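Asks: Sequence lines, in order, name chains A and B.
Counting from 1 along the first sequence, just add 2 to a position and that's the residue number in our numbering.
Counting from 1 along the second sequence, just add 2 to a position and that's the residue number in our numbering.
In case anyone wonders, no lab produced these hints; they're calculated from the structure.
The reader is advised that the hints may include incorrect statements.
Any copy, or any two copies together, can satisfy a pair, since identical chains are not distinguished.
Straight-line C-alpha distance at most 20 angstroms; calculated SDA-like pairs for lysine to any residue [unchecked claim]:
hint : residue 1 : residue 2
1    : 142       : 204
2    : 150       : 298
3    : 301       : 7
4    : 180       : 19
5    : 301       : 317
6    : 245       : 290
7    : 228       : 197
8    : 150       : 204
9    : 169       : 55
10   : 94        : 59
11   : 228       : 200
12   : 150       : 122
13   : 274       : 152
14   : 150       : 297
15   : 228       : 7
These numbers come from a predicted model, not from an experiment.
There are 2 protein chains.
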Amino acid sequence: MHEFELIAQCFSQSGRARTDVPIGVGDDGAVIQVRDGFDLVVTTDTMVEGVHFFPDVDPRALGHKLVAVNVSDLAAMGAEPCWLSLALTLPKVDTPWLQAFAEGLSETADYYNCQLVGGDTTRGPLTLTLSAKGIVPRGKALTRSNAKVGDYIYVTGTLGDAALGLKLVQEQVDVSKKHRAHILQRFHYPTARVAIGQALRNIASSAMDISDGLCGDLPHILARSKVGAIVDVAKIPMSQALKDSCDWQAALQCALSGGEDYELLFTVPENKRGSLEVLLSPYGVPVTCIGRITGAAGKLELRHLDQPFVYQHQGYEHF
Amino acid sequence: MHEFELIAQCFSQSGRARTDVPIGVGDDGAVIQVRDGFDLVVTTDTMVEGVHFFPDVDPRALGHKLVAVNVSDLAAMGAEPCWLSLALTLPKVDTPWLQAFAEGLSETADYYNCQLVGGDTTRGPLTLTLSAKGIVPRGKALTRSNAKVGDYIYVTGTLGDAALGLKLVQEQVDVSKKHRAHILQRFHYPTARVAIGQALRNIASSAMDISDGLCGDLPHILARSKVGAIVDVAKIPMSQALKDSCDWQAALQCALSGGEDYELLFTVPENKRGSLEVLLSPYGVPVTCIGRITGAAGKLELRHLDQPFVYQHQGYEHF
Numbered sequence: 003m004h005e006f007e008l009i010a011q012c013f014s015q016s017g018r019a020r021t022d023v024p025i026g027v028g029d030d031g032a033v034i035q036v037r038d039g040f041d042l043v044v045t046t047d048t049m050v051e052g053v054h055f056f057p058d059v060d061p062r063a064l065g066h067k068l069v070a071v072n073v074s075d076l077a078a079m080g081a082e083p084c085w086l087s088l089a090l091t092l093p094k095v096d097t098p099w100l101q102a103f104a105e106g107l108s109e110t111a112d113y114y115n116c117q118l119v120g121g122d123t124t125r126g127p128l129t130l131t132l133s134a135k136g137i138v139p140r141g142k143a144l145t146r147s148n149a150k151v152g153d154y155i156y157v158t159g160t161l162g163d164a165a166l167g168l169k170l171v172q173e174q175v176d177v178s179k180k181h182r183a184h185i186l187q188r189f190h191y192p193t194a195r196v197a198i199g200q201a202l203r204n205i206a207s208s209a210m211d212i213s214d215g216l217c218g219d220l221p222h223i224l225a226r227s228k229v230g231a232i233v234d235v236a237k238i239p240m241s242q243a244l245k246d247s248c249d250w251q252a253a254l255q256c257a258l259s260g261g262e263d264y265e266l267l268f269t270v271p272e273n274k275r276g277s278l279e280v281l282l283s284p285y286g287v288p289v290t291c292i293g294r295i296t297g298a299a300g301k302l303e304l305r306h307l308d309q310p311f312v313y314q315h316q317g318y319e320h321f
Numbered sequence: 003m004h005e006f007e008l009i010a011q012c013f014s015q016s017g018r019a020r021t022d023v024p025i026g027v028g029d030d031g032a033v034i035q036v037r038d039g040f041d042l043v044v045t046t047d048t049m050v051e052g053v054h055f056f057p058d059v060d061p062r063a064l065g066h067k068l069v070a071v072n073v074s075d076l077a078a079m080g081a082e083p084c085w086l087s088l089a090l091t092l093p094k095v096d097t098p099w100l101q102a103f104a105e106g107l108s109e110t111a112d113y114y115n116c117q118l119v120g121g122d123t124t125r126g127p128l129t130l131t132l133s134a135k136g137i138v139p140r141g142k143a144l145t146r147s148n149a150k151v152g153d154y155i156y157v158t159g160t161l162g163d164a165a166l167g168l169k170l171v172q173e174q175v176d177v178s179k180k181h182r183a184h185i186l187q188r189f190h191y192p193t194a195r196v197a198i199g200q201a202l203r204n205i206a207s208s209a210m211d212i213s214d215g216l217c218g219d220l221p222h223i224l225a226r227s228k229v230g231a232i233v234d235v236a237k238i239p240m241s242q243a244l245k246d247s248c249d250w251q252a253a254l255q256c257a258l259s260g261g262e263d264y265e266l267l268f269t270v271p272e273n274k275r276g277s278l279e280v281l282l283s284p285y286g287v288p289v290t291c292i293g294r295i296t297g298a299a300g301k302l303e304l305r306h307l308d309q310p311f312v313y314q315h316q317g318y319e320h321f
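I would like the entire structure built from these sequences, with the hints used as guidance.
Replies: Rendered as structure tokens:
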């Protein structure tokens, strides 16, 4: 079999066969029926070997993560995920690797009700680019731009687990047997908060997903919304696994500056806080209020028990 | 200035500011209004340094080509190009290179009335992935699947110029001063046949763009449409520049097996041939009938002056 055909075959059944895709893989492009009255939302994320993942990572986990991080961006905009395009650059055709990667990608695409509709395969250093597309009722997309003074700042789930997972994989920390599986799951198999993103459409004034730590990402909302924020670090939700695995300072650093949690960060006006509790209760995902929006444009003020909290954020620098 | 901001600034004005993009670059994703009653068409193409382009290529030409090859896929589906997403993987931040690349990309995006709506920038070996999105009236996309026995096979423009251009850049051939500029233009600055693709919507039974030579690409239409083809090699349109630069056999090889012409290859039923001439005449691009579709599924038969023509196609193999 021709190697391109082999690659094509690995991905031929990736995700759902959606009825709104009259032409999928195999033509010059894919043809997609976007529902009338809905906006299209498009995201793109690239993962490069040696930069975003280790060469020995389980390819199934990699396939999962590539889908989840893109779908997480759609979730942060309140969109319903629908379609994926994959640009795959491979140094060679390693069939078992490809099959496992394709399986991880397909399972996760299927989980989020997405269909792989096309892409491109080329030879070169291992680089994976996925573009996820979704829909949102017209004008209802959540953005980073509309947080207002006085709004409450929330996060879903717990923060810092993925950063601890990275340290664990790098053998920089030890995690007790009781918590190991949870932490590795959080690092290798992040969950995109799709249902919550959609539930927030008429509640949140702004939203984004946390991929670079709270202190790396909240400033994006502040910049786009031209506001400031006060965050009480004592309120930041952390898992028992994280708290049991390191001291409070180290745990807090994971939560504030660690990447790849893919939890949602969002703001809610005072008069929508009741709706928030009611609408989110069925999902079983905790949401925690960690602070408020202020008028000090661009300023992120950390506090601990009403005292200023000095913290030096060290984010990941690509260049 | 932070280097990511510098990159963002290079691309901040890429292409048109379209009124159907409420949220462009700078949020978790882009939000796009797809016109009601239209289908979305999505294509993705990756270019890798050392595989698809030489390290010393003019970055402006590279930016142009990346847009043109993607838009060409949209053209082949009869779509109107609208929006672009760019995944840029860079080994380092080389500002003059980036600015020239961004200029080439922007100029060409602008030419095709496209807006860059988002993407991702990562560090790694130089890899460029563009995804182009366009629209087509619902159900009117041209595909590779509907060629019928008896249909006439056409190509736009001339074939083989880009292959000659590649040989010229590689110093494998010499081209006279008279023709050099034309041939280099065809190689570095291909034209996507957008207007012709749209004009073919109600005429062509199948269409695709030629990126791997006629003998590499026509079989895709034959496979998807479950038909065969007879092509008269004497009818294949070749530029004066190509004919003057090498002997007939070498010129024919450029046309049959050379890549990157980005001309359209399409089939037209007998009863639409009149409309074809009328509808395409305003565009000033020659279209040439080179053969017919047969019932011999999957078989591409080359002829020369009614005699069988033996030819060994050697396409580009990625792996």
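Asks: Each of the hints needs a verdict: does it hold here or not?
Replies: Checked hints:
1. 142 / 204: within (8 angstroms within a copy, 36 angstroms between copies)
2. 150 / 298: within (11 angstroms within a copy, 67 angstroms between copies)
3. 301 / 7: between (53 angstroms within a copy, 19 angstroms between copies)
4. 180 / 19: neither (39 angstroms within a copy, 53 angstroms between copies)
5. 301 / 317: within (17 angstroms within a copy, 58 angstroms between copies)
6. 245 / 290: within (17 angstroms within a copy, 72 angstroms between copies)
7. 228 / 197: Neither: 28 angstroms inside a chain and 43 angstroms across chains, both beyond 20 angstroms.
8. 150 / 204: within (15 angstroms within a copy, 51 angstroms between copies)
9. 169 / 55: within (13 angstroms within a copy, 38 angstroms between copies)
10. 94 / 59: within (17 angstroms within a copy, 25 angstroms between copies)
11. 228 / 200: neither (25 angstroms within a copy, 43 angstroms between copies)
12. 150 / 122: neither (42 angstroms within a copy, 28 angstroms between copies)
13. 274 / 152: within (12 angstroms within a copy, 65 angstroms between copies)
14. 150 / 297: Answer is within: at 8 angstroms inside a copy they meet the 20 angstroms cutoff, but 67 angstroms across does not.
15. 228 / 7: between (51 angstroms within a copy, 18 angstroms between copies)
Consistency with the previously given hints fails for numbers 4, 7, 11, 12, ordered from lowest to highest.
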